[in-house]
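A.B. asks: Sequence:
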Amino acid sequence: EDNLEEIRNRLALPGNYAQKLLQDKKQVDKKLQVLKAGLALRPSQLAETLNHLSPEALVFLRAKTPDDFLKREISLYLTTYKEIKPRVTGKDLIALGIEPGPQFREILQRIRVLKLDGLLEDKRAEIDYIKSGKIFHHE
1058 EDNLEEIRNR LALPGNYAQK LLQDKKQVDK KLQVLKAGLA LRPSQLAETL
1108 NHLSPEALVF LRAKTPDDFL KREISLYLTT YKEIKPRVTG KDLIALGIEP
1158 GPQFREILQR IRVLKLDGLL EDKRAEIDYI KSGKIFHHE
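If you count the sequence shown from 1, position 114 lands on 1171 in my numbering, and the numbers rise without skipping.
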């Protein structure tokens, strides 16, 4: 934090951007501890851990870790996991008779977790899972 002003001046960064970099650094330090503690994270757990970091923070995190396994995991997140999204949409949920509301977000988040972990391959599997009712009784 003491060096923040020096770095900001040297790189001619706007004050709010320099502050964001400091926040990112703090987040990276926290996330690195989480990643080191749970080396056998499922893809969905890795994504949940990294989802809220900025692209700059993710690159910094990858550069900062000395662990090759973690470097590969972060790279996988950046190149693959980050982009995985449910194929079902709100329109599909309505067509299945589900009332629009906050549960849409919960359903789509749960579908994403299952997709990340390789448990749902395609849109048909997503719809079948929702129709099964298991989506409403997950652990």
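Hints may contain errors.
List time: in silico DMTMM-like cross-link candidates among lysine to aspartate or glutamate, alpha-carbon distance up to 25 Å [said to hold, decoys possible]:
1. 1077 with 1149
2. 1139 with 1081
3. 1121 with 1149
4. 1139 with 1149
5. 1188 with 1149
Quick list of the computed label-pair ranges, beta carbon to beta carbon [claimed, not checked]:
6. 1191 with 1151: 15 to 21 Å
7. 1135 with 1179: 22 to 28 Å
8. 1079 with 1159: 17 to 23 Å
9. 1099 with 1128: 31 to 37 Å
10. 1166 with 1137: 16 to 22 Å
What the hints contain is simulated information worked out from the structure, not anything from laboratory work. The structure presented is a predicted model; accordingly, all values stated were derived computationally and were not measured. Glycine included, C-beta positions come from ideal geometry on N, C-alpha and C.
A.B. asks: Next step is simple, just say for each hint if it's right about the structure.
C.D. replies: Structure-based check of all given hints:
1. Distance check on the hinted pair: residue 1077 and residue 1149 sit about 38 Å apart at the alpha-carbon level, beyond 25 Å; violated.
2. A hinted pair counts as satisfied when its Cα atoms are at most 25 Å apart, and residue 1139 with residue 1081 qualifies at roughly 18 Å.
3. Taking the CA atoms of residue 1121 and residue 1149, the gap is about 42 Å. The hint is violated against a cut of 25 Å.
4. Annotation: proposed proximity of residue 1139 to residue 1149 holds, straight-line Cα distance about 23 Å (limit 25 Å).
5. With a CA separation close to 11 Å, the supplied pair residue 1188 and residue 1149 stays within the 25 Å bound.
6. Hint check: residue 1191 to residue 1151, Cβ distance near 20 Å, so the stated range 15 to 21 Å holds.
7. In this structure the hint that residue 1135 and residue 1179 lie 22 to 28 Å apart at CB holds, the actual value being about 24 Å.
8. A hinted range of 17 to 23 Å is violated for the C-beta pair residue 1079 and residue 1159, which are about 34 Å apart.
9. Checked against the hint of 31 to 37 Å, the C-beta distance between residue 1099 and residue 1128 comes to roughly 18 Å, which is inconsistent with it.
10. Taking 16 to 22 Å as the suggested C-beta distance range, the pair residue 1166 and residue 1137 conforms, at roughly 18 Å.
Hint check: violations occur at hints 1, 3, 8, 9; the rest are consistent with the structure.
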